[in-house]
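*Asks:* Protein sequences, first through last, are from chains B and E. Per the numbering used here, residue 240 is the first one in the first sequence, and the count goes up by one each step. Per the numbering used here, residue 140 is the first one in the second sequence, and the count goes up by one each step.
One thing to keep in mind: the hints can contain errors.
[What the hints assert, rightly or not] No farther apart than 30 Å at their CA atoms in a straight line, the calculated lysine-lysine pairs in the DSBU-like style are these:
hint : chain 1 : residue 1 : chain 2 : residue 2
1    : E       : Lys556    : E       : Lys504
2    : B       : Lys426    : E       : Lys504
3    : B       : Lys426    : E       : Lys411
4    : E       : Lys372    : E       : Lys429
5    : B       : Lys363    : E       : Lys411
6    : E       : Lys322    : B       : Lys426
7    : B       : Lys354    : E       : Lys411
8    : E       : Lys372    : B       : Lys363
9    : E       : Lys372    : E       : Lys447
10   : E       : Lys246    : E       : Lys556
11   : E       : Lys504    : E       : Lys372
12   : B       : Lys342    : E       : Lys411
13   : E       : Lys372    : B       : Lys426
14   : E       : Lys556    : E       : Lys310
15   : B       : Lys433    : E       : Lys322
16   : E       : Lys322    : E       : Lys382
17   : B       : Lys342    : B       : Lys363
18   : E       : Lys372    : E       : Lys322
19   : E       : Lys382    : E       : Lys411
20   : B       : Lys354    : B       : Lys426
21   : E       : Lys411    : B       : Lys433
22   : B       : Lys342    : B       : Lys433
23   : E       : Lys504    : E       : Lys322
24   : E       : Lys372    : E       : Lys382
25   : E       : Lys429    : B       : Lys363
26   : E       : Lys246    : E       : Lys203
27   : E       : Lys429    : E       : Lys447
28   : E       : Lys372    : B       : Lys433
[Stated by the list, open to error] Simulated DEER-style distance windows between Cβ atoms:
hint : chain 1 : residue 1 : chain 2 : residue 2 : range
29   : B       : Glu350    : E       : Ser479    : 34 to 40 Å
30   : B       : Asp420    : E       : Ala444    : 40 to 46 Å
31   : B       : Ser423    : E       : Gly446    : 41 to 47 Å
32   : B       : Ala415    : E       : Arg473    : 34 to 40 Å
33   : E       : Lys429    : B       : Ala415    : 31 to 37 Å
34   : E       : Gly446    : B       : Leu397    : 43 to 49 Å
35   : E       : Ser229    : B       : Ala415    : 58 to 64 Å
36   : B       : Pro347    : E       : Asp425    : 42 to 48 Å
37   : B       : Ala422    : E       : Asp226    : 49 to 55 Å
38   : B       : Ser338    : E       : Thr189    : 46 to 52 Å
39   : E       : Lys429    : B       : Gln400    : 23 to 29 Å
40   : B       : Ser338    : E       : Asp226    : 55 to 61 Å
Simulated from the structure, these hints should not be mistaken for lab results. Don't be surprised by glycine CBs; every beta carbon is placed ideally from N, CA and C.
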Amino acid sequence: MIKNQSLRPVQPAAVRALAGLSLCAAALLAGCASGTRLEPPAPVEDRNNPALNSGANAAGTDAGRTSQSQVAGVDLTNGGRNALNDGGAGRTVYFDYDSYAVKDEYRPVIESNAKRLAGDRNRKVLVEGHTDARGGSEYNLALGQRRADAVVRALTLLGVQDGQLEAVSFGKERPAAQGDDEASFAKNRRVELKDR
Amino acid sequence: MKLSRLIPPSARRSAGRWLAAPCVGVALVLAAVPATQAQFRVEITGVGATQIPVSIVRFRDEDKAPQPLSQIVRADLERSGVLLPVDPGSAMLDEGSQPNFADWRAKPVDGLVAGSVTRLADGRFDVRYRLWDVVKGQQLSGQSIAVTQPDLRLAAHRIADDVYQRLTGEKGVFSTRIAYVSKSAGQYALWIADADGQGAQDALKSPQPIISPAWSPDGRELAYVSFEDRKAKIYVQDVFSGKRRLVANFRGTNSAPNWSPDGSQLVATLSKDGGSQLFVMDRNGDNLRKLTSSSSIDTEAQWSADGKTIYFVSDRGGGPQVYRLPVSGGAPERVTFQGSYNISPALSPDGRYLAYVSRVSGNFKLMLMDLSAGTVQSITDTSDDESPSFAPNSRLIIYSTRAGGRDVLMTTTLDGKIKARLAAPQSDVREPVWGPFAR
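Please take these sequences and the hints and turn them into a complete structure.
*Replies:* Take a look at the structure:
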């Protein structure tokens with residue numbers, strides 16, 4: 240919280256006289272913060288700083304003492320899931336640029352996975368769509384979703400039950416290859432099947 | 140916070156008077172930035188913008204404070220593109236001084252800022268400043284701001300806001316905050332920083348991607364998409380307490396959150412029914428209502444400031460284009476027509492402009508559309524622009540782009556003439572979003 244006080248003008252007298260007329264108090268957002276970290280294994284754990292927290296609750300009462308520039312952080316670094324295993328080529332379908340058509344060359348990938356899943360109704364997989372790095376993150380997320388949806392459709396046509404599959408998208412956020420060339424882009428336009 | 144006005148309204152200068160001031164050239168702008176200020180990287184491209192020349196004298200005892208107050212004020216004002224900082228030379232002034240206005244008029248400057256900083260017995264700092272109208276030879280503003288050390292930068296931004304408002308008649312945005320995402324070595328973080336990119340603090344760290352932060356209209360909460368649980372879900376986090384809530388966790392992907400202007404609702408993209416479609420929900424995720432039902436991609440919804448219209452991206456016509464839709468229901472109307480790939484719409488809070496990203500010959504360019512005239516102009520020279528977001532006064536746009544092999548954050552004036560690369564300590568930064576006036 241910041242307290243502003245008027246400075247008395249050095250001069251002139253007319254301005255000084257007017258100064259008293261216009262005292263206006265603006266209650267600003269009472270800011271201050273409590274630190275929060277997400278620690279394993281608890282999903283969300285508060286690690287509040289009581290000193291700062293009291294200021295947050297007492298909006299404006301202890302104004303000048305606490306900071307409103309502060310931000311409370313949450314750390315998922317160790318609490319989040321580890322990077323998932325690469326499903327390998329046998330679980331990955333690649334796509335042409337700007338396309339969500341499952342190409343014939345990936346029929347064997349679809350068929351082998353359909354067989355595996357149809358043979359074990361308790362098995363569930365995440366069908367993850369990905370795009371290359373070109374374009375916006377949200378539009379790519381939607382494009383990746385469309386690719387994942389296409390693979391889900393192909394699998395259900397071969398007898399996999401809808402409840403065994405969930406189509407999700409990572410858009411351009413988790414590339415398989417880091418390069419800025421067509422070879423890398425081609426590796427990133429993909430759908431991966433991940434066991435749950 | 141107590142704010143006291145010292146100046147009667149009649150003493151305030153109209154913007155027109157200032158805008159009539161002679162334009163001072165670009166060379167002078169660059170000369171006004173000493174080497175010690177390199178961290179701010181204000182880069183000027185183009186000439187011709189009419190600017191109000193103003194000098195900010197180094198505050199008395201500024202070197203004893205942990206923040207370079209006058210430099211922060213000067214860089215803020217310069218980034219605005221409206222004020223033109225002029226080197227004050229070796230002048231020694233503070234808020235108690237009586238400036239020799241004739242000397243300052245000769246510089247020439249129209250506005251003059253001087254001040255001081257004093258450490259108080261309780262450890263806080265008392266920052267005092269005064270702004271003079273050099274032409275009229277009278278004071279326009281003067282305040283004393285007592286702050287804790289973490290709020291010293293905020294005090295400087297408040298001074299810049301006051302100077303900007305006294306000289307232009309418009310609200311400044313220097314004490315607002317921005318949010319953005321960084322990625323480094325497998326770690327993602329959501330940051331909140333001052334509007335100049337300084338003083339960044341992490342609000343969330345995660346081994347999985349974070350995208351699409353969106354400020355609540357009161358500036359207390361951030362909605363965002365986090366992949367921490369193997370897929371995209373929408374969370375809302377209280378910035379001050381760090382408390383989080385999961386607001387959209389449906390089958391499939393949950394993404395692209397954006398707030399209604401009254402803060403009571405969220406619009407988001409969900410794939411729960413197949414495809415990517417727009418849904419409206421209460422701020423806690425309840426009362427889900429489907430807004431679009433198409434076989435196309437509908438995403439990146441942006442609520443207009445009057446609350447009546449939602450702008451969004453759809454590929455219903457082939458490639459992605461910006462459309463708009465009445466919140467109450469009705470047929471979508473196409474908004475963008477130039478080019479085959481237009482995404483990431485951002486509306487100016489005053490409702491006059493639409494910023495978006497257009498793919499032009501394989502490059503991604505920030506475009507600005509005047510919504511009433513329908514005219515479109517490109518306002519950058521870069522080729523990987525993403526994620527535009529307007530400042531709350533509608534005068535600046537923040538966006539991410541690539542420069543020097545890195546993802547960086549830039550601000551630009553709407554005419555594209557004044558750009559600043561924001562200092563961010565993180566290696567790759569993107570997804571910037573400008574917060575509201577609230578703080």
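*Asks:* All hints, please: hold or fail.
*Replies:* Results for each hint:
no.	hint	in the structure
1	Lys556/E to Lys504/E	holds (15 Å)
2	Lys426/B to Lys504/E	holds (26 Å)
3	Lys426/B to Lys411/E	holds (27 Å)
4	Lys372/E to Lys429/E	holds (17 Å)
5	Lys363/B to Lys411/E	holds (17 Å)
6	Lys322/E to Lys426/B	holds (21 Å)
7	Lys354/B to Lys411/E	holds (26 Å)
8	Lys372/E to Lys363/B	holds (19 Å)
9	Lys372/E to Lys447/E	holds (26 Å)
10	Lys246/E to Lys556/E	holds (24 Å)
11	Lys504/E to Lys372/E	holds (29 Å)
12	Lys342/B to Lys411/E	holds (25 Å)
13	Lys372/E to Lys426/B	holds (25 Å)
14	Lys556/E to Lys310/E	holds (20 Å)
15	Lys433/B to Lys322/E	holds (24 Å)
16	Lys322/E to Lys382/E	holds (23 Å)
17	Lys342/B to Lys363/B	holds (24 Å)
18	Lys372/E to Lys322/E	holds (19 Å)
19	Lys382/E to Lys411/E	holds (26 Å)
20	Lys354/B to Lys426/B	holds (25 Å)
21	Lys411/E to Lys433/B	holds (19 Å)
22	Lys342/B to Lys433/B	holds (20 Å)
23	Lys504/E to Lys322/E	holds (22 Å)
24	Lys372/E to Lys382/E	holds (16 Å)
25	Lys429/E to Lys363/B	holds (28 Å)
26	Lys246/E to Lys203/E	holds (29 Å)
27	Lys429/E to Lys447/E	holds (16 Å)
28	Lys372/E to Lys433/B	holds (18 Å)
29	Glu350/B to Ser479/E: 34 to 40 Å	holds (36 Å)
30	Asp420/B to Ala444/E: 40 to 46 Å	holds (42 Å)
31	Ser423/B to Gly446/E: 41 to 47 Å	holds (43 Å)
32	Ala415/B to Arg473/E: 34 to 40 Å	holds (35 Å)
33	Lys429/E to Ala415/B: 31 to 37 Å	holds (34 Å)
34	Gly446/E to Leu397/B: 43 to 49 Å	holds (47 Å)
35	Ser229/E to Ala415/B: 58 to 64 Å	holds (59 Å)
36	Pro347/B to Asp425/E: 42 to 48 Å	holds (45 Å)
37	Ala422/B to Asp226/E: 49 to 55 Å	holds (52 Å)
38	Ser338/B to Thr189/E: 46 to 52 Å	holds (50 Å)
39	Lys429/E to Gln400/B: 23 to 29 Å	holds (25 Å)
40	Ser338/B to Asp226/E: 55 to 61 Å	holds (57 Å)
The structure fails none of the hints (numbered hints given earlier).
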